[in-house]
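Protein chains in written order, with our numbering: chain V, 3 to 790; chain L, 286 to 579; chain F, 2 to 161.
Treat the hints as calculated values from the structure; they're not laboratory data. From the three backbone atoms N, C-alpha and C, an ideal C-beta is built for every residue, glycine too. Treat the hints loosely; a few may be bogus.
Stated by the list, open to error - Pairs of lysine to aspartate or glutamate, EDC-like flavour, derived with a Cα cap of 16 Å:
1. K150/F <-> D720/V
2. K481/L <-> D74/V
3. K55/V <-> E116/V
4. K779/V <-> D549/L
5. K278/V <-> D74/V
6. K374/L <-> E58/F
7. K303/L <-> E79/F
8. K19/V <-> E523/V
9. K696/V <-> D180/V
10. K354/V <-> D180/V
11. K306/V <-> D144/V
12. K481/L <-> E58/F
13. K347/L <-> E126/F
14. K147/F <-> D74/V
To be verified - Here are the in silico distance ranges between beta carbons for each label pair:
15. K374/L <-> E437/V: 29 to 37 Å
16. I512/L <-> E119/F: 32 to 40 Å
17. K3/F <-> D528/V: 31 to 39 Å
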Amino acid sequence: MLEKEQFDVIGKRFDIKNIGKVTGEEIYSCDVNIPRQLYAVVLRSPYPHAEIKKIDYTEAEKMGAICIGPDDVPDTLYNERIVSIPDKTYRDRIVLPKDKVRHVGEAIAACAAETEEEAFAALKKIKVEWGKKWKPLVALDDTMDPNAPAIYDQVYLGEKKVEIKNNLACERNIDVGDIEQGFKEADIIVDETFNIKRIYHMQLETKSAVCKPEANGGITLWTTTQGIHNVRILLGHIFDIPLSKVNVKRITLGGSFGSSIQMNSITPICVALALKARRPVKLVTSREGDMYDHSSYPLKTRLKVGVKKDGTLTAAHCQVWVEIGGHNIQAYPYLGCVAGWFASLYKWKNIKYEGKAFYSNKAPSCARRGYGSPQINFPVENTMDILSEKLGIDPVHFRLQNYVGRGDEFWGQGPTVRSIIRSCGVEEMLVKGAELISWDKRGKPDEKSGVIRKGIGVARGFHTSGTGGPHPGEVIDYSGATVKINEDGSADVITALMDHGCGTWDAGAKVVAEVLKIPFEKISIDNGVDTRTTVFDVNTHATRGVYCGCGAIKFVAEKVKEILLNYAATLFEDRPENLDLALNQELGQGVIYPKGLPENCKTIGEIAEHAHTTSWGTIAYTSTLRQKNCPPCFITYFTEVEVDTRTGEITVPRVVMLGDSGTIINPELWKGQILGAYALGLGVGKLESIPYDKITGKLKCNGFITDFKVPTTIDMPDIDNIIVDHAHTYEPTGPFGAKGIGEAALSAVASSFGNAVYNAVGIRFHELPITPEIMFKALQEKRNRREN
Amino acid sequence: MQTDSKILAQEFEYLAPKTLDEALDLLEKYKDKNIKILAGGTDLLVKMKTINLKVNYLMNVKNISELNFVDTEQGLRIGAATPLSHIIKEEKVKVKYSALYEGIMSMAAPAIRNMGTMAGNLGNSSPAADTVPPLIAYGAELKLQSKRGEHTVLVEDLITGVGKTIMKPNELITEIIIPEINKNTGSAFLKKSRVKADLSKINLAIYLEREGNICKDCKIVFGSVAIKVLRAEKTEELLKGQIINSELINKVAEEVSSEIKPIDDIRSTAEYRMAMSKQMLKDGLELAWARAKD
Amino acid sequence: MKKIPIEFSINGQKREALVNPNDLLINIIRDELYLTGTKYGCGIGECGACTVFLDNEPVLSCLTLAAAVDGKEITTIEGLANGNELHPMQIAFLKNAAVQCGFCTPGMILTAVALLKENPSPTEEEIKDYMRGNICRCTGYVQIVKAIKACAEGGKSEPI
């Protein structure tokens, strides 16, 4: 393991590249303004499942608005997320539906005008003639009802037509070993059902797009996306424009948490308006529209686990059901990933996994930070606590006994991507965390008394760093960059890799700085790049920004180093392997010198200038890289809760957070990822839900966040009561030993919260959020049961 | 009905009188033409955006200096257009009118309190309003003025239902008058909400006047438990003239559930509100009682 | 609708405009003046992303009529720095990693600056309470609170 001190830049704090964000100069998609632009608004369905007969735009167009409807857009059938290979991608969406709408809030038409007020006034004049209407399928049980109205008759999987029966969108079944035998060997069997509901990402920037039609028939686009090439390829395909004429700009993103892995539904609508109007069009979704655009995947889980008296797990039968909304964005890989997150948490020995996804009349679900990991972690980590209680084994020891760790095979991204874990800090984190929180003093639920009950719960999770594997599989995963040294010795890093605030760009610049010994401040990884100037990058998702994205950047930087040393070798009249490259703090530059003679150095700037003035050429390299591993980054939370038994209110006074990311490239941003995830997880645990009305199919909150409450400053513990620490590991396959953290960080928060609640009051909740109303009622019922 | 919260989609005429007389003239002129008063806008504009509340004439009263004052000489006289944040800056409010101070501090966040006004909170007349229970507990009155004259009403008599008041279309709240507070009185405001910056699931203002160990007078006012803010008069009667001790407080807390009629809604449940009303009454009485000693 | 002439100053600069009664301040700032630091997050006053100073007090521009700022002074995030000298709060946010995606940041910084004006040495509880109307989904707030504390304990202006 390399010590931090060996690095010049990696692991060190610098003032990060966020100055524009504190001065208001940072431009996001919703801030882009193009001269002569029109403002667009989207007409959204008021019905959950209804036939569209006719749309009349006459009144709207009389007001001077440009309108588009299903007849004005291509009817290409696509899936807005093209991260999976075509053969494994379900397609059920067209830009604007021709036949019927499948959820309240689905886009049916759109208008653009000189001002948004005018566009909206015109929008209200669009007349829709509706045909047959069906009652909405809102609850999971409704979607599984064999007599339920069919949301789809058929869709496509790759090029194959697939009939949809009983609204079953897709399913996935995986068997490992023999669970029947495994259960026979068990001394204790636990069989519990859990339910994680839909959450809304509530990313601060609503989905936006600005599209400029170009004179050559192409388009330039700024949009909220985690992957500019994903958007480019789709738009070129849908609108039949060669990709060389479709240019998607890389632009700062106001948070995402997975909601822009796919091209957002408003993006092709914006493009269609721009092409029709032959003027730039700007479309910024309202918050209420955004809430109908996407939400997370829910998950109902029935988990049956067998264990021997000595604590060895013998079998696990995991059944999951999910309703996915009106469109299948990524339900099939979701089912595979859920299986992977489940299978790779503990050594179950024998596994049966059955996953089913059903269409429903709700906003389409899409990945949300963890992509099923938080959803399945809750049942698993609760079950581990239930088992340890029955066994009389300490929950931390029970986990230590059974976790999948170093040297074990794991398949976090699904059954087709298997690899061996090389770096693992699970044990270190469990042991250290237990000590830091005073785990031994936590007591048992029935030992507790008083109005305020304290409890401590543990939970651990992980996420893969990207989706790489020994062979290319179901998921496309590669990134690239151009790195060039400028004529003054500064460097440009040109990459499509997106940063949604997690510090990816900071890491990329640091990696280049470390390889080339160019000072961090002289490395630009800034915006001003686009699909035209960058090679492919699949997306910043799946916690791949550092491991895959910066892994590719490092690979390219190493090639640039080779070129640099070769130029230098010619100048020094020596061989490149006889030269050294180092950062010279005094000169504020990287320098190259003959080994043994550091005083005879030339700065990188001098070498670059020489290469320029002698017309040698630019010291640059472009390439892409596919990682062949996706090493797990791990997380462990020890959460302390306080339950006020008089009011049911739960607070979190103390928490210990531990992460394993191998080498940590930017410690403060790394901490920030974990702290941020903790707040999100608390929201899942005690606050957030977006219920739908069973009769109207509308969101009960109507899309307004007045009634979608998220954690605020007050919900987090005090600074002094939060400990964030890291395991001391090094991932040999990662750039400078680094792995990711972003999604691992969210996986186990709600689980640790739920386990802590159990430790406090002896009640285990199988559904979230645990609101004061729910806690209060459960406490009452417990009291009543005791009295009877 | 589709909405677009990025804009204010309605068309209306905007009026910005600089004096009270001007304002009353305009109210008289447009009283039958759907004129609404704009103070902070934090309720009105939200309603216009989210439920398409129709307004033909919008009259901004925030520029009328006659309506922006806090006079602490005798009790409290507060101008209708005084921002909530300015009211709580007054030392007298913080020290002597604890329930009002706590009620305002429980509202949303600083920016909203810089914009919002007490008259706006009253005029909006939501059962969840946070200034209303304290004002009723203090026996506050408000002055209503129109071109035809002026009169004073008890805050308690202002609101008749959800979003409904006794105000006539040509009337303007100009002043809120809170009586001077006696010695040996204590007050408290309690609230339950999903997050601290939220509207109330249930809120409660208590005012107690104490003579030795006896409760000389009290007001108990609940919000979010009925179609309008409610005085728990039966519960008050159980306390008046009695020696206050924990036994009585417990007994009274049980009785209060017969007076309130909470419902299930998106914020909470009837069952929870009922249960919390008892807790809060206990806590509030103890707190107000202790404060009355000082 | 009758258009309304207004005069105001924004970030120290005097401006005139002719606005519709239903024009919102947030849209005038963003779409007419091209000061895009102020953000639309929810439109109904719940998230704080649209915070600006009106006569030196934080207000929500998504619920403020443009017409209502006639004769007033507005400060947006763009007006906080002193030329090239960042405001101590901006420095504190950068130095304490209180910025991730950055969308909530302008509203956070302005609200925090207002806090310190009112209460130069707030406790952690006071900071959290004052900032409770500003939503962030990325940072979990801890580093933001740290930044505000650090600024209160002696931040200075610094050049970029």
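Against the earlier hints, flag every one the structure doesn't satisfy and list their numbers going up. 2, 3, 7, 9, 11, 12, 13, 14, 15, 17
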